Amino acid sequence: MKIKDVKEIEVMAKEGVRNLKPAQIRITVGSAVCGQSKGAKETLEALKAEIAKVNLNADVVAVGCNGLCFAEPVVEVIAPGMPKITYGPVTSDKVPELVKAVKAGNLLKGMALCKTTRDQFLNGTAIEYGRTADLIDASEFPPLKGQVRIVMRNAGLIDPLSIEEYAATGGFAALAKALMEKNPAKVIKEVEASGLRGRGGAGFPTGLKWKTAKESAAPKKYVVVNCSEGDPEVGMHRSLIESDPLSVIEGMLICGFAIGASQGYIYISDKLAAAEDKLNVLISKLSEAGLLGERIMGTDFSFTVTVKRSTGSYVSGEETALLNALEGDITEPRPRPPFPAKKGLLGMPTVVNNVETLMNIPAIVLKGGSWYAGYGVEGSCGTKVLAVTGDCERTMTVEVPLGTKIKDVIAMAGGVKGKKALKGFQIGGPGGGILSAKKINLPLDYQKLWKEKTMLASGLVLMDEDTDMVNMARFFIRFFEEESCGKCVPCREGSHRVGEVLDQIMKGTGTKGDLDYLLSLEEPINDTSACALGKTLLAPVSSTIKNFPEDYAKKIGG
Amino acid sequence: MSEQKEPKFADSEAQDLFSRMIQAVPDAMKNVVQPMLIGMAEQKAGGGPITVDAIKEMVEGLPEPQKSVFKQVVSAKKGLDPETVKAMIQECGGDISELFFKIMGRMKCIPPEGIREIAKQTGIPEAHLFHLATTGRAFSVSLPEHQVTVCAGTGCAVKDKEGSLGAIEKLVNEAGAEKIQMKKVRCLGCCDSGPAVEIDGKRVALSSSPSKLETLVKG
Numbered sequence: 001m002k003i004k005d006v007k008e009i010e011v012m013a014k015e016g017v018r019n020l021k022p023a024q025i026r027i028t029v030g031s032a033v034c035g036q037s038k039g040a041k042e043t044l045e046a047l048k049a050e051i052a053k054v055n056l057n058a059d060v061v062a063v064g065c066n067g068l069c070f071a072e073p074v075v076e077v078i079a080p081g082m083p084k085i086t087y088g089p090v091t092s093d094k095v096p097e098l099v100k101a102v103k104a105g106n107l108l109k110g111m112a113l114c115k116t117t118r119d120q121f122l123n124g125t126a127i128e129y130g131r132t133a134d135l136i137d138a139s140e141f142p143p144l145k146g147q148v149r150i151v152m153r154n155a156g157l158i159d160p161l162s163i164e165e166y167a168a169t170g171g172f173a174a175l176a177k178a179l180m181e182k183n184p185a186k187v188i189k190e191v192e193a194s195g196l197r198g199r200g201g202a203g204f205p206t207g208l209k210w211k212t213a214k215e216s217a218a219p220k221k222y223v224v225v226n227c228s229e230g231d232p233e234v235g236m237h238r239s240l241i242e243s244d245p246l247s248v249i250e251g252m253l254i255c256g257f258a259i260g261a262s263q264g265y266i267y268i269s270d271k272l273a274a275a276e277d278k279l280n281v282l283i284s285k286l287s288e289a290g291l292l293g294e295r296i297m298g299t300d301f302s303f304t305v306t307v308k309r310s311t312g313s314y315v316s317g318e319e320t321a322l323l324n325a326l327e328g329d330i331t332e333p334r335p336r337p338p339f340p341a342k343k344g345l346l347g348m349p350t351v352v353n354n355v356e357t358l359m360n361i362p363a364i365v366l367k368g369g370s371w372y373a374g375y376g377v378e379g380s381c382g383t384k385v386l387a388v389t390g391d392c393e394r395t396m397t398v399e400v401p402l403g404t405k406i407k408d409v410i411a412m413a414g415g416v417k418g419k420k421a422l423k424g425f426q427i428g429g430p431g432g433g434i435l436s437a438k439k440i441n442l443p444l445d446y447q448k449l450w451k452e453k454t455m456l457a458s459g460l461v462l463m464d465e466d467t468d469m470v471n472m473a474r475f476f477i478r479f480f481e482e483e484s485c486g487k488c489v490p491c492r493e494g495s496h497r498v499g500e501v502l503d504q505i506m507k508g509t510g511t512k513g514d515l516d517y518l519l520s521l522e523e524p525i526n527d528t529s530a531c532a533l534g535k536t537l538l539a540p541v542s543s544t545i546k547n548f549p550e551d552y553a554k555k556i557g558g
Numbered sequence: 001m002s003e004q005k006e007p008k009f010a011d012s013e014a015q016d017l018f019s020r021m022i023q024a025v026p027d028a029m030k031n032v033v034q035p036m037l038i039g040m041a042e043q044k045a046g047g048g049p050i051t052v053d054a055i056k057e058m059v060e061g062l063p064e065p066q067k068s069v070f071k072q073v074v075s076a077k078k079g080l081d082p083e084t085v086k087a088m089i090q091e092c093g094g095d096i097s098e099l100f101f102k103i104m105g106r107m108k109c110i111p112p113e114g115i116r117e118i119a120k121q122t123g124i125p126e127a128h129l130f131h132l133a134t135t136g137r138a139f140s141v142s143l144p145e146h147q148v149t150v151c152a153g154t155g156c157a158v159k160d161k162e163g164s165l166g167a168i169e170k171l172v173n174e175a176g177a178e179k180i181q182m183k184k185v186r187c188l189g190c191c192d193s194g195p196a197v198e199i200d201g202k203r204v205a206l207s208s209s210p211s212k213l214e215t216l217v218k219g
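Chain order of the listed sequences is A and B.
Those letters in the first sequence? Residues 1 to 558, per this note's numbering, in order.
Those letters in the second sequence? Residues 1 to 219, per this note's numbering, in order.
Everything labelled a hint here was simulated from the structure, so no lab data went into it.
None of the values given here were measured: they were computed from a predicted structure.
There's no promise every hint is true.
[What the hints assert, rightly or not] Straight-line Cα separation of at most 20 angstroms, EDC-like style, residue types lysine to aspartate or glutamate; simulated pairs:
(1) B:30 - A:288
(2) B:183 - A:550
(3) B:170 - A:500
(4) A:4 - A:466
[Said to hold, decoys possible] Sample of chain A residues lacking proximity to chain B, with all beta carbon distances greater than 12 angstroms (derived):
(5) 54
(6) 70
(7) 269
(8) 482
(9) 526
C-beta atoms are modelled at their ideal positions from N, C-alpha and C, and glycine is treated no differently.
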């Protein structure tokens, strides 16, 4: 069936709502890679078997990751008359006990984490569940309290492969709105009004990028999704695209419509095979439904999406290196300017956006730029997804309004593991350096973090009091040694030389002069490297020398 | 992520041959055919690890047309002959990274002689192709007996207080690149239980991985 107008999307959405709150029972299992590494697949199979055994009328659905990694495999149960109950960890051996409780209409106290009584979606639809259960509400549950889910609106809720369930939560409504209004300039205006910045780290205003691409006259334009996460953080983008790939595709379509592109590429890391498979399945489903390909929804707008596998190095996430790779060339950055929005893929105007950025777009277009700008603070609007890892009590993914203090995010993750003291943390990826624990009052704010010489990237890594910061600096420099593409000498050779000096210091043969020498390298390496990888190479060293001088002093003996 | 019981192969040659045979099977039938072939090969091997000879013997016992299809695979030269390269280039429409992924899927590495052949046929300089093949983390130009994949993401580095990842790296370096190669990836997607280690594609607990590697290296 080819979708031709908004009404047909509404029909699809109704069907999806019936899936999300069926007359019988719906049991979901968090089955993204993070869940699978903890046995989600076994749990899913055990659930199916047990349900058949006890003759229970229930749908068992594999969903994505709702961010509660510490509680994987996470299972949610929606049963008539009961609130939605989140359980975790539910390993396969605990399944019989859980099914028994579900069948009896009971709450299984020991494993239950929290309850949800209502899910409200972007399109205004709300699903009411039962109200009473002797359990903490999700909005008060410490890991979730204070979160605002815009990007992760569907994560862990819908079957990532179901376009009906996606439509039920407001999916395609934004695309339909944009296509029916036939006003690309208005879409760009809304994105500009939202204050959305690119979520990759550099924080470039998305609306401005789109506008530049729109205004550059060219016979062809492209939209490229950067999902080549080489950050040594956590698979934040993996979790997002695996849980809700359709939001990314809808974001791409809207971007294509706004800038006048008819072709899009999703450049995805080779380690994300599960997500790649899902994307390919969805692309053919959407093409069948008339939501991709020629004359989408019966309008003049046509758009095709191709998934391309990245060769998997850190630099392939740099936008110009990524374009080279897409063209089949060596994955090395190009000089900028010209910026891709003017001259990108095959010399044509190209918008390169990352996964998180694009997932915001349907929400912005549907609810308006000023609604989005209502979250966050001036200059940093909306929400940010962060993977919290390292020495934290609860490894998890959170989405909070910008402006939230770092210490509040740390609190969501249950603080430092084993009640130890926090020594430092990293929030800007390897090139963002390591900040001292004294800085936990900083808000998630682009400008304020830039002032501290760091950025807002995809993860927050906590380091406890036992962490040796010289060792961490060495780890990051080794990372740069291994990931430098070799194009610029200061980065390729500089990383090795810096590593050698650090090795001397770690062996106890370093001197105070070595530290001055290392600090003096920061400016020249920054000035003479083509991309951010080289430019920020020395950040882990200079930040640790400045923020943790005692660790270096111990090694060079005063 | 444990799948069905993994078959035991006597050596990488047997494993390679078997995976090339499976590649000859149409996608839709792989799920059915693979376990069947494994079962038959295991029988021929008499319960021990599957050898090249056991696979050949099994193929002889198959009915037609499967027998001749698989016989072709068995008698095909290991490596990339010019015709195969030509066909693969055509299939990929000249997209070199796609071609490399295809070769990796088939041979688990991109052998240097294959790269030279691609250079000859496409006119792309050898240096360029070697550059592509050696800088992409997804590619490898040699096939070691064993492969260990470790997560070297920041979260895992912070968690690895005992320096186990360093110990693994040391073991691997001592054993030599032909015996074992170590691949660093930046996130295997299981941060909560990290640092993650995979030996020959299977998740291994970090604590037991050095001893397991030692047996592999010495054995």
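Now for the hints, and whether the structure bears them out:
Distance restraint check for residue 30 (chain B) and residue 288 (chain A): the Cα-Cα separation of roughly 26 angstroms exceeds the 20 angstroms cut-off, and the hinted pair is therefore not satisfied. Between residue 183 (chain B) and residue 550 (chain A), the direct Cα distance comes to roughly 34 angstroms. Violation of the 20 angstroms bound is thereby established for this hinted pair. Of the supplied pair hints, the one linking residue 170 (chain B) and residue 500 (chain A) holds, its CA atoms being roughly 18 angstroms apart against a limit of 20 angstroms. Proximity of residue 4 (chain A) to residue 466 (chain A) is assessed by CA-CA distance (about 61 angstroms); at most 20 angstroms being required, the pair is judged violated.
Non-interface status of residue 54 (chain A) relative to chain B is upheld: no Cβ of that chain comes within 12 angstroms, the nearest being about 26 angstroms off. At roughly 5 angstroms, the least C-beta separation between residue 70 (chain A) and chain B is not larger than 12 angstroms, which violates its mark as non-interface. Separation of residue 269 (chain A) from chain B is inadequate, the least Cβ-Cβ distance of about 9 angstroms not exceeding the 12 angstroms criterion. Its beta-carbon lying about 7 angstroms from the closest one in chain B, residue 482 (chain A) breaks the requirement of being farther than 12 angstroms from that chain.
Separation of residue 526 (chain A) from chain B is adequate, the least Cβ-Cβ distance of about 21 angstroms exceeding the 12 angstroms criterion.
The structure does not agree with the numbered hints 1, 2, 4, 6, 7 and 8 stated previously, though it agrees with the rest.
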